[in-house]
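Colleague: Here are the chains, one letter per residue:
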Amino acid sequence: MNSVERLVYMANQIATNLATDGTPVAAVADHIQQFWDPRMKQLIFAHGTEGLSPVAAAAIRKLAKSQNAA
Amino acid sequence: MTYQPQKDFGTPESRSEEAVTLTIDGRTVTVPAGSSVVRAAAEQGTSIPKLCATDNVKSFGSCRLCLVEIDGRRGTPASCTTPVEPGMVVRTQTPHLAKLRKGVMELYISDHPLDCLTCAANGDCELQDQAGAVGLRDVRYDVQATHLGQDKDHSNPYFDFDPSKCIACSRCIRACDEVQGTFALTMEGRGWDSKISAGLASDNFLGSECVSCGACVQACPTATLVEKKVVEVGTPERSVVTTCAYCGVGCTFRAEMRGEQLVRMVPYKDGKANRGHSCVKGRFAWGYAQHQERILNPMIRKSISDPWREVEWDEAFAYTASELKRISEKYGSHALGGITSSRCTNEETFLVQKLVRAGFGNNNVDTCARVCHSPTGYGLKTTFGTSAGTQDFDSVEDSDVILIIGANPTDAHPVFASRMKRRLRGQDRRPGAKLIVIDPRRTDIVRSPHIEAQHHLPLRPGTNVAVLTAMAHVIVTEGLADEKFINERCDWDEYSHWAEFVSQARNSPENLQPVTLVDPEELRAAARLYATGGNGAIYYGLGVTEHSQGSSTVMAIANLAMATGNIGRRGVGVNPLRGQNNVQGACDMGSFPHELSGYRHVSDDDARRLFEDDWGVSLDPEPGLRIPNMLDAAVDGVFKALYCQGEDILQSDPNTAHVSAGLAAMECVIVHDLFLNETANYAHIFLPGSTFLEKNGTFTNAERRIQPVRKVMTPMNGLEDWEVTQALAQAMGLDWNYSHPSEIMDEIARLTPTFAGVSFDRLDEAGSLQWPVNAEAPNGSPIMHVDGFVRGKGKFVVTDYVPTDEKTGPRFPLLLTTGRILSHYNVGAQTRRTENVVWHPEDLLEIHPIDAEDRGIKSGDWVNLASRAGETTLRATVTDRVAPGIVYTTFHHAVTQANVVTTDYSDWATNCPEYKVTAVQISASNGPTDWQEEYEALSTRARRISTDIPAG
Ligand code: SF4
Ligand code: SF4
Ligand code: SF4
Ligand code: FES
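So the sequences go chain by chain: E and A. Position one of the first sequence corresponds to residue 1 (our numbering), numbered consecutively onward. Position one of the second sequence corresponds to residue 1 (our numbering), numbered consecutively onward.
Rather than coming from a laboratory, the hints here were simulated on the basis of the structure. Warning: the hint list may mix true and false statements.
Pairs of lysine-lysine, BS3-like flavour, derived with a Cα cap of 30 Å [stated by the list, open to error]:
1) E:Lys41 <-> E:Lys62
2) A:Lys711 <-> E:Lys62
3) A:Lys795 <-> A:Lys484
4) A:Lys330 <-> E:Lys41
5) A:Lys484 <-> E:Lys41
6) A:Lys484 <-> E:Lys65
7) E:Lys41 <-> E:Lys65
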């Protein structure tokens, strides 16, 4: 796995484990916001949502949007 | 101060609240009911002669030396077996007693070699002392030869057994039974002929069940059982109280010294974690501190293919600082990072993370807890609000049901295991606690002398969450949940959501059996026992955390404890058994890339401002890189420099090939350690470290107990580790001026609310303190969440079982799980440099007889162990401790490199690697793999130190 593939894998893994949360998309976005360093976030934003599960993809979109807004 | 052994009160302390007043030799004394007369006398300062009684084991009453006279009683009762009574009038010194005692001593001495002047225990022998105390001047009997002239047993590497000096007091047997719980010793023969033996008469100590804890040596009043070191260097002359640097139990010791030479480590009876006991590592395995392979001078090299060049400290600091500056300018400040050590002190760890945050200018700091208990931090913080265990060790004395999951305490946390076993055996007519063990392997505690687990659930590795959810299913659907507790203490809506989830039919033990392989009836019985058996306490270890669902498992454990009301008082709780001595402390000190000390997120503006004001710098509000992320970034070419203190990531982290690729891609790897460890093969700068014997500071154990570490000798390398970090910071232009670690602790206390009341003075006064120590709890907090959870309401989190992606298949049909054994510690860098290697000279692969037979493998054969990540070879041992389909090994030896085969799958929340599950294949082999041979060659090359004398 190269770095981007690993980030995709990690995002999906987080999404699977937070699937039972009340608001899974927000939970995944929050988790990534809290634990990934800026470069990891930039790498996955640049990569886009290919290979991401629907919840992970929505979370990444949400996070990218809030970062751009900031 | 001249040497004094710790005072011996003769019999154990009574915990009774009731007080009894009596008169001894005309003076009144008040002691707790249940105390013996000998103890009451000792508390009053009167020492009654005694030989067979000592205060860490129950009295036995065999030597008849402690006789006293009691008004109104006939004869001369033994004071060690006579309990105090109100109004009792005792006389300890009368002519009659003196005569009787002299007679007793005379008999002992007649069967004892009279070589006191040349005996190793001369000056530290109770027989000698008591002979003096009773005024024995001559012996009327012929020398009896019952014990004289027997062969010595030198087999144990740390202590000798000389049966000719034995007085058959049985203190050693009682220590082994009651304190250690191994039951290795027996008394053969009767009366005057009795002899101590380790197991069968033919066994020597090394070949017996003995685990070399040393409790018998400490208990022995004579030189029969004596440390080899005492024989070699003589008796100590002073002592310093300090803390063990091996495991998270955090035993307190008296380091007994002769000048600057350590003679022996004796467990300290007032140590609150160990209560006077220890294991083989802490008591005996400190020889590494003076090992010839220790590196004492800083060394540098341009490239890892060059030999090392020794330099002066000043040059090392200047060069390191210039390299870090160069890299920061060229690649940006985010190309730098650091790893703090769970073996170093809180103060040293705090400085390393401060150097990264304030000096390197980012949050790229992580610690080895990443690979062990990071899921504990995440899971317990989410559910309870604090990243730590809830109990003190004493709490286990009040447990009725003990549930151990994914932990092997007898090997990894031996002293706590002994305390737990004492409770499991029951004592003083109180029945023992019941035991549930959830572990793929039949660990020692499942069946050991006088202990048998009520339930052992041998689950398939990787299915912890499924097993715990099934237990929750039973508890909720059978109406065993403690709804009153939940209503008062937890968020009811979250509970209802969780209860509804676990109640689903798909979560029943029957439905999950194909996944977990656990017998549903056994699981149901275990769940009922935990929920209804009284005080239920959960202890867990790395078998919980080192999984792709490590954090979920921790939360599932917390859910179970809350659902059954097992939180907030003695005897219950959720207790991570921490691996390394200061892993709790390293986490507390802000070693994680997203957290400042005291577990405050770096994005928390208020917390950050506190540090910014104190340090006079601005801090990055974004989380930094975790160790695996650092390695990925290094391979991508953007992470270039690493300061690694006291950790060996190449050996301890998973997927060795990936770690070495990451390290090889860096331009400046700084290793700060005692030895040229495996990571140092890839290092450009080596800064020699100091041992725990050579520095001042504090460690925090698994019960949140902050304990002093005290310097007993000058650092051989010249500097304590905190001084090295400080000098490096100064070379980088930071204005740091600590003159003593106590000043670092003052800064920690100033910046960390849970440490607000901690200082070296307070620690000296109290001995130790359990955080939080603050205005509400000035004396610390033995039990947490007493009146409410730290986060407010306890949070139930739904944990759905997600199978790991590491799956068995035709190519890799077996599951490998890894662990540790008693005599070694972690990657073995220290223990491999001690005599402990006699117990574990190499890592072995445990394989079930059926799997072994399929492959034509016998015990002792070399086998090849292969996974998708890599392969290695080691020897096999065929055993039914592991279930069919499962194999097991340890990772203490560099040549085995078990992590060559572990993969880089990791916990979803924390990236804690999944060490405990790897799909593998085993086949017969006839020698090391290519990797092992190449690595061996590389190590030899990388460890060369230049012997050239520079010209001029
Ligand atoms: S060293 Fe420990 S285990 Fe061995 S015989 Fe002595 S008390 Fe028992
Ligand atoms: S070996 Fe020591 S402790 Fe054991 S019976 Fe003999 S004298 Fe007592
Ligand atoms: S290694 Fe652990 S159990 Fe053994 S003496 Fe040290 S702290 Fe105690
Ligand atoms: S010390 Fe009391 S009988 Fe031995």
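Colleague: So, for every hint listed, does it hold in this structure?
Modeller: Each hint tested on the structure:
no.	hint	result
1	E:Lys41 <-> E:Lys62	12 Å, holds
2	A:Lys711 <-> E:Lys62	53 Å, violated
3	A:Lys795 <-> A:Lys484	15 Å, holds
4	A:Lys330 <-> E:Lys41	22 Å, holds
5	A:Lys484 <-> E:Lys41	44 Å, violated
6	A:Lys484 <-> E:Lys65	44 Å, violated
7	E:Lys41 <-> E:Lys65	12 Å, holds
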